[in-house]
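Colleague: Fit chain to chain and form the complex, with the hints in mind.
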Amino acid sequence: MNDFAIIWSHRDSVWVGLLNTLVLIVLSGAISIAVGLLLTPVLVGSHKMLAKMVQFYVDAMRCVPFLLFVYLIYFGLPSAGLRLSNWAAGALALVLYNSAYMAELLRGAWLELPASILDSGRSFGFTGWGLLRHIMVTPMLIRALPMIGNQLIQILKDSAFLTVIAVKELTHELNGIQSTYFIPFASFITALILYWIVCMVMEAMMGSFEQFAASRRP
Amino acid sequence: MQEKTLTPELVLQINGVSKNFSGKNVLSDVSLQVKKGETVCLLGPSGCGKSTLLRCINWLEVPDAGSIHVAGVRMGVKDNGVVKMSDHDLSEMRSRIGMVFQSFALWPHLNVLDNVMLSPIHVQKRDKKTVREEALNVLQRVGLEEHCQQFPAKLSGGQKQRVGIARALAMKPQVLLLDEPTSALDPMLVGEVLSVIQSLALEQVTMVIVTHEMQFAKQVSNRVVFMDQGQVVESADPERFFNHPQTEKAQKFLSRFHGLGHPIH
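Listed in order, the protein sequences are those of chains A and B. Reading the first sequence from the start, the letters are residues 5 to 222 in my numbering. Reading the second sequence from the start, the letters are residues 47 to 311 in my numbering.
No lab work stands behind these hints: they were computed from the structure. Check before you lean on any hint, since a few could be wrong.
Claimed, not checked - One-sided and incomplete, this derived list gives chain B residues near chain A with beta-carbon spacing under 10 Å:
{"hint": "1", "residue": "Ser-64"}
{"hint": "2", "residue": "Arg-101"}
{"hint": "3", "residue": "Leu-106"}
{"hint": "4", "residue": "His-134"}
{"hint": "5", "residue": "Arg-140"}
{"hint": "6", "residue": "Met-145"}
{"hint": "7", "residue": "Asn-157"}
{"hint": "8", "residue": "Gly-189"}
{"hint": "9", "residue": "His-193"}
{"hint": "10", "residue": "Phe-197"}
To be verified - Reference listing, derived: stretches of chain B covered by chain A, where coverage requires no fewer than 3 residues with Cβ under 8 Å from a Cβ of chain A:
{"hint": "11", "region": "78-92"}
{"hint": "12", "region": "114-120"}
No residue lacks a Cβ here, since even glycine has one placed at the ideal position from N, Cα and C.
Bound conformation, chain B alone (with noise of 0.2 Å):
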């Protein structure tokens, strides 16, 4: 794979990334590049290495080859001690990046407001009534402003995932990663949700977004990337992945999924 050279606007660029978990290969010398403004969907049959890629992106996992760019500046490799990071560092890049989780992992002992304010104050250092006044806006935005004072332990599975979302956009990313945002709600409540990202969409937050929404998927992003036991097997527009499959691969997983997925509200 050619080393393709840093551009500012590549918030993303990861080369050649490898992976084992005792012995297994759970990425395979992965590569992809994500443009500002882009939302690209990373979709692929269970066990493909997609969250585990993600994972990756903001060094939860620790790839074993390759590098990961975010924004041109580069994440440790644990290889040999070649780029180590700094508690320091690790902080500050994963400032950059937003993660939502499929199990929402709000902090239970907070209410929603200071959930969404508790790392822009603590980690990001910023002005305190600045944070509020911005965790205001971020809630009023995906709609939950009047449950600030509320506890995750109250909130409904959509709920706490659009406060899961609203604590990563306060964060101002440069790039916001969604693994499987609406994989453990209810039906009725993944529609709330992907309206949210869908309007994130619109207003080009870079976005990689792991899901299995085949719909949503079709309608939000302007790249599609398909993977398969750790690799990358195919990359394209929506328009031409979903109706023109190039491999085999791809073509048997859609055919799965026809029909299937949840229309966007």
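Bound conformation, chain A alone (with noise of 0.2 Å):
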């Protein structure tokens, strides 16, 4: 039990590592919600030009591994003329990556939101944006949560991959101990309990959202 006395005397490093992965998913995770809710309409939309270049996009982030998507932004963008930090070329990554994701499946909500409250909403004087902010958004948002839930922490175990980056993230920090004293097993069996109860917090985040929505549910 050495390892672990080895790593609590480290615990500031280990709370940065798990500050900046919370920062990662929040921001991420809000950032894709949004950007995925500008998308899936373009998507569904009549401009068939724009919407085949968004569904280029979306099935181009579901057939390439996270890792190497990592790896394309970090190096790739240097010889775009883009100088980032590694903590915003990793928090672009997320939000690249899982935008795509959001927005297909909003896509899903959108095409079972029951025809009826688009009727109801059209005949009572609502169209385009309008529409879709007060008829649609919510409905779909709802019906989308669990599959939101599950990509949010899929967000969460996606961020570990940033530490090939140098981003002092949680997996970072405790791989940094890991290696520095030799203490694998302690240090990993700590990132596993903590990313372990930020996943509890979600879920527990994601219970409560669970409330307001199954009596609002479409």
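Modeller: Shown next, in the form of structure tokens:
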């Protein structure tokens, strides 16, 4: 148990790691849902060219392993003229990757909306963005809630990959400790427990959203 | 069919409207006029086009031919771009037409009060405070003011439909369209909705009602329009239509309903 004592003595870096992970998931989670909501109308819209382009992007993200995508962003961006910090590059990778997934699952929710709600929305004068904002978005999000929850947990796990571009998230910090002191078991168990706790908190939050959703289900 | 001159008290003027769905003629040269304060019931067998006609009035379906005027203003016609409506114009026109749906079509993520207030605030851009007051009034009128904070999922079918009616009335529409308002209801709940509609008829709210409730149509309408296979076959006051149908199709249709229909409580 000496190993855990070492980890405890480095709790500052573990804390930094945990904090970074949390910020990364909250930020990229929120942004990818928002971007997904903007992309979904294009995916189902009548502008065929744009819809095809967005569909291509969605398919591309779903076919690329996230680790590979992280490398692509990190090494590819500078040649496109963009110099980002490791953290920013990592966040960008998470957002770009998961927006595609969010767009796709929100598209599913969109298509499942009862036609009668759209009919009444239109009959009462809602059109275009107004229809989306007042009539469609909330029922879509409610419908997609379980899938969004799953995707957020996926983001949590994907964030661990960012260690390869030296982002100081949880995996990176504990990997640093284990390699310095040769205490792999204790380090990775600690990481596991912390990821697990974050996951439980996320599930609890999704649970409370579920309460909100239950009486408002389409 | 002669073009009738547009007079102010004509709330609805439908002239020669036709509609095809993948080659099938759902509506053929339908003409209909509704005066302010009138209650017109559209009757006919399933598939005769009555719901489609209603949906054409507020442009949920676009007619292939003919014209529709609501309070003297023409709805756009999809005919090589002649008078095509912008989203803004469509929105404005639709806010003058109240619609009540067979499946209620309430917005599930909003409570009863918000359902009633949503469009007056965001489409008609009326003052929030006034809208709220009026919404509570209209909910009281349909007997649901105590349920204003509830969500549609918790309401019975009859309650949902009454909210639907309140929601349409809150728009202060020039005409109320009701598409089989009681067809999806449990027979026990039909009466409560029919009484609300009857009270509206007594107050001279202009209405076009598609219904299968023959007894109700007889009691509440000023005029009955009978349709079959996309055409208007007969149009008469209820007394004459129900007791002395002129056409064979109408007679055949009515023979099926002899003695049926729900009484009004």
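Colleague: A separate judgement is required for each hint: does it hold in the structure or not?
Modeller: To see whether the hints hold, each was checked on the structure:
no.	hint	in the structure
1	Ser-64	22 Å, violated
2	Arg-101	8 Å, holds
3	Leu-106	6 Å, holds
4	His-134	8 Å, holds
5	Arg-140	5 Å, holds
6	Met-145	4 Å, holds
7	Asn-157	9 Å, holds
8	Gly-189	21 Å, violated
9	His-193	13 Å, violated
10	Phe-197	5 Å, holds
11	78-92	violated (count 0)
12	114-120	violated (count 0)
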